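Protein chains in written order, with this note's numbering: chain A, 13 to 293; chain B, 13 to 293.
It should be emphasised that the hints constitute simulated quantities derived from the structure, not laboratory data.
Do not rely on the hints blindly, as some may be mistaken.
Given that identical chains are not distinguished, each listed pair holds provided it fits within a single copy or across any two copies.
Claimed, not checked - For lysine-lysine, the following DSS-like pairs were computed, each having C-alpha atoms within a straight-line distance of at most 30 Å:
1) K166 x K39
2) K166 x K249
3) K256 x K80
4) K292 x K166
5) K216 x K249
6) K166 x K274
7) K256 x K166
8) K292 x K39
9) K256 x K216
10) K292 x K80
11) K39 x K256
12) K224 x K80
13) K224 x K39
14) K166 x K80
Everything numeric in this text was worked out from a predicted model, so none of it was measured.
Protein chains: 2
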Amino acid sequence: MPVVPGERIGIIAGSGDFPFEIASSIKRAGNDVFIVGLRGFAERGVRLFPHVYADMLDPHCVLDALRKRDIRKVVLAGGVARPGPMALFSIYTFFRNREELRRIVSGGDDRILRGVVRLFNEEGFEVLGVDQVAPDLLAPLGSLGSVQMNDESKPDIELGLNCLATMGQFDFGQAVVVGGGRVLAIEGPEGTDAMLRRVVELQKNRRVSFEKPCAILVKASKLHQDRRVDLPAIGPKTVQSAVKAGLIGIAVAAHDVILVEKARLLRDADRSGIFVAGVKA
Amino acid sequence: MPVVPGERIGIIAGSGDFPFEIASSIKRAGNDVFIVGLRGFAERGVRLFPHVYADMLDPHCVLDALRKRDIRKVVLAGGVARPGPMALFSIYTFFRNREELRRIVSGGDDRILRGVVRLFNEEGFEVLGVDQVAPDLLAPLGSLGSVQMNDESKPDIELGLNCLATMGQFDFGQAVVVGGGRVLAIEGPEGTDAMLRRVVELQKNRRVSFEKPCAILVKASKLHQDRRVDLPAIGPKTVQSAVKAGLIGIAVAAHDVILVEKARLLRDADRSGIFVAGVKA
């Protein structure tokens, strides 16, 4: 069920400024927000909005805070470290089926997040995606910065999108680096920044070399990715890593990838001379 | 054309002991060998066989040494560093089509090797694969060491083989690490050892965690891989890296992957308690 005009949306906020970007977007659209800041993760910007703090490992507290305010729709946003085995032990009592929790936690990111969504659903909440509550944070189609994408990059971007689409069946690969007609790296659980550091190494060790810079980061959501909790994102740090890796641009699937701190991201990209573009997946 | 009994086979030898393992295997089969050791790469074992030295960047010298001995069939074996741009410049004069060489050298490993094979072919030589001249160096089907593979590993190995088969279309992935029903890493141009170091990091940073060790290295040749020059291989170093990464075993496609220094490889695997098995791809 979509957001009803004037409705109050709950944001479960981990680290980073992204939860507040969502909050601002929701308010711009004329709706209301309430933030549950996860203790130890949520940043100070929480205080700019109505909020409480709660412990990630105490789901009762999170759910009660929402129920008390009659909030039924929530968005999950921001980073949280994966809890260690000891920390998880304390959360076990909350779950009806410990075996299931164990399976969830030892599974891929998708599985963990699907588990969290199911928990909210079972408790009567609806988990909305960023694309539903703050669609203006997603990359639109076309050039986003002032640097234009070259036509020569198009076959590589096609290759990257094709590779990502193919890898989705393995719950693997939210991003690839492509260049000169080849796939250079596929992102696994290590994340985009670690993959881009690998691309630095590949060139340093002459495992790959180019006549002229041509490598591109291509990012899109995975085939069965749950858009409610895990839309892919790029931010200023992605631009920084991309520049270090000698890339000439970043292509993201339009209406599918979040631009975190968009203004800074595009300013940094412009200054570094790399393109950022939303492309048809 | 297969090897004629008693025929003399040329081995173009890069670094490592593998060229000599091939030479020994060829002799065991009753055929003869002559080694062209690439200067700066070929190791001292060259001296155990009839040989000359030649410069990798001087194809004339390599080809003349073979022609002088009436050798028409060659095997390429051992490692060579990818030559730098300046070194390559000197080889340019040899090639009719510089643009083509440039394309070859900036392409994937497959393309470089296909280029070398084409060069030999154009000069009237036949390039044979290790599987043709020394099939006893390939992994057979079944358990190879004394540690047995557990039945629980079978679905993960299936997943790994399936993932490799799928990735072949992108000329990417000669190996994957799988465990607990997920793909953890796919090997790119960085090579198997670097991928296994990534798996160490994934666990250290808790990007992946397991209740009990279950991760497996799965290796097979790529879909369009040229079996004459680039059969995948595992050796003692692979075992060492696999143990460091906390893996429980190595599964290789039977009759498709070379076992380098097989005796030491299996002894090390047995001592470390990890399985090595040839599986049906």
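- Item | Structure versus earlier hints - violations, ascending order | Hints 1, 3, 10, 11, 12, 13, 14 not satisfied by this model.
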